[in-house]
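*Asks:* Sequence:
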Amino acid sequence: MHLTPHEQERLMIHVAADVARKRKERGVALNYPEAVAILTAYVLEGARDGASVEKLMAMPQPPDPPVLTREDLMEGVAEMISDLQIEATFPDGTKMVTLRDPIPQVTKKGTRLHPGKIDHPRDADPVAFNVGREVTTVTVTNTDDRPVQVGSHYHFYEANALLGIEPDRDAAYGKRLNIPAGSSVRFEPNCPLEVELVPIEGKRVIEGLNGKVGGELHA
Numbered sequence: 622m623h624l625t626p627h628e629q630e631r632l633m634i635h636v637a638a639d640v641a642r643k644r645k646e647r648g649v650a651l652n653y654p655e656a657v658a659i660l661t662a663y664v665l666e667g668a669r670d671g672a673s674v675e676k677l678m679a680m681p682q683p684p685d686p687p688v689l690t691r692e693d694l695m696e697g698v699a700e701m702i703s704d705l706q707i708e709a710t711f712p713d714g715t716k717m718v719t720l721r722d723p724i725p726q727v728t729k730k731g732t733r734l735h736p737g738k739i740d741h742p743r744d745a746d747p748v749a750f751n752v753g754r755e756v757t758t759v760t761v762t763n764t765d766d767r768p769v770q771v772g773s774h775y776h777f778y779e780a781n782a783l784l785g786i787e788p789d790r791d792a793a794y795g796k797r798l799n800i801p802a803g804s805s806v807r808f809e810p811n812c813p814l815e816v817e818l819v820p821i822e823g824k825r826v827i828e829g830l831n832g833k834v835g836g837e838l839h840a
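According to our numbering, the sequence shown is numbered sequentially starting from 622.
Quick caveat, the hints were computed from the structure, so don't treat them as lab data. Among the hints, erroneous ones may be present.
[Claimed, not checked] Ranges between beta-carbon positions, derived for each pair:
| # | residue 1 | residue 2 | range |
| --- | --- | --- | --- |
| 1 | D746 | D639 | 44 to 54 Å |
| 2 | H839 | S703 | 33 to 43 Å |
| 3 | G836 | D670 | 29 to 39 Å |
| 4 | A792 | E666 | 20 to 30 Å |
| 5 | T719 | A792 | 39 to 49 Å |
| 6 | G772 | E630 | 23 to 33 Å |
| 7 | D766 | S703 | 21 to 31 Å |
| 8 | E675 | E817 | 18 to 28 Å |
Built from N, CA and C at the ideal position, the CB exists for glycine as well.
Given the sequences, and given the hints that come with them, work out the whole structure.
*Replies:* In structure tokens form, the structure reads like this:
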């Protein structure tokens, strides 16, 4: 068949998903790898069928049946799958599909409670973050042929070298994205995007990443 390593990996995912589906049909509660395999195969096959990124990210909505329900899974597995990112091949290229909370919250027994979880009221004011920080606005253009995603606390100066930063990359030195902790910004190919940066706080020591600092920030 002359399969590439990437194609072999995809095939293994489909095998795992087929095994998981058979166990689901027998009434066996699925574990984490089995649930992820089914969700991943759903995205890969949807992309192969020509579905858009937006449609796949939206997941099936009522009255259509969900891909998986909490009743299909072992206790606690649904809470382990809050976000799932899958790289799929679409007619216009390879794209990253992000599934957020892919397992429906409501079960036959009602809404599942999560100890310690706090839901921000929909009608409340937005949560303030980085208040009082100096904000630097830059325009970023992804010159690569595939999307680039940068996390909230990544030293933006050391972000992917194919991200063009205006006025210049030095403007990003010692700074990170001005977004909520744990979130990220996705830069699509050749689509300029204006973002805000704020200074990195704390001890201001940067280790690893692309090795451009390797210690304490100097500014």
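*Asks:* Next step is simple, just say for each hint if it's right about the structure.
*Replies:* Hints, one by one, checked against the model:
no. : hint                    : verdict
1   : D746 / D639: 44 to 54 Å : 48 Å, holds
2   : H839 / S703: 33 to 43 Å : 37 Å, holds
3   : G836 / D670: 29 to 39 Å : 50 Å, violated
4   : A792 / E666: 20 to 30 Å : 43 Å, violated
5   : T719 / A792: 39 to 49 Å : 28 Å, violated
6   : G772 / E630: 23 to 33 Å : 24 Å, holds
7   : D766 / S703: 21 to 31 Å : 29 Å, holds
8   : E675 / E817: 18 to 28 Å : 26 Å, holds
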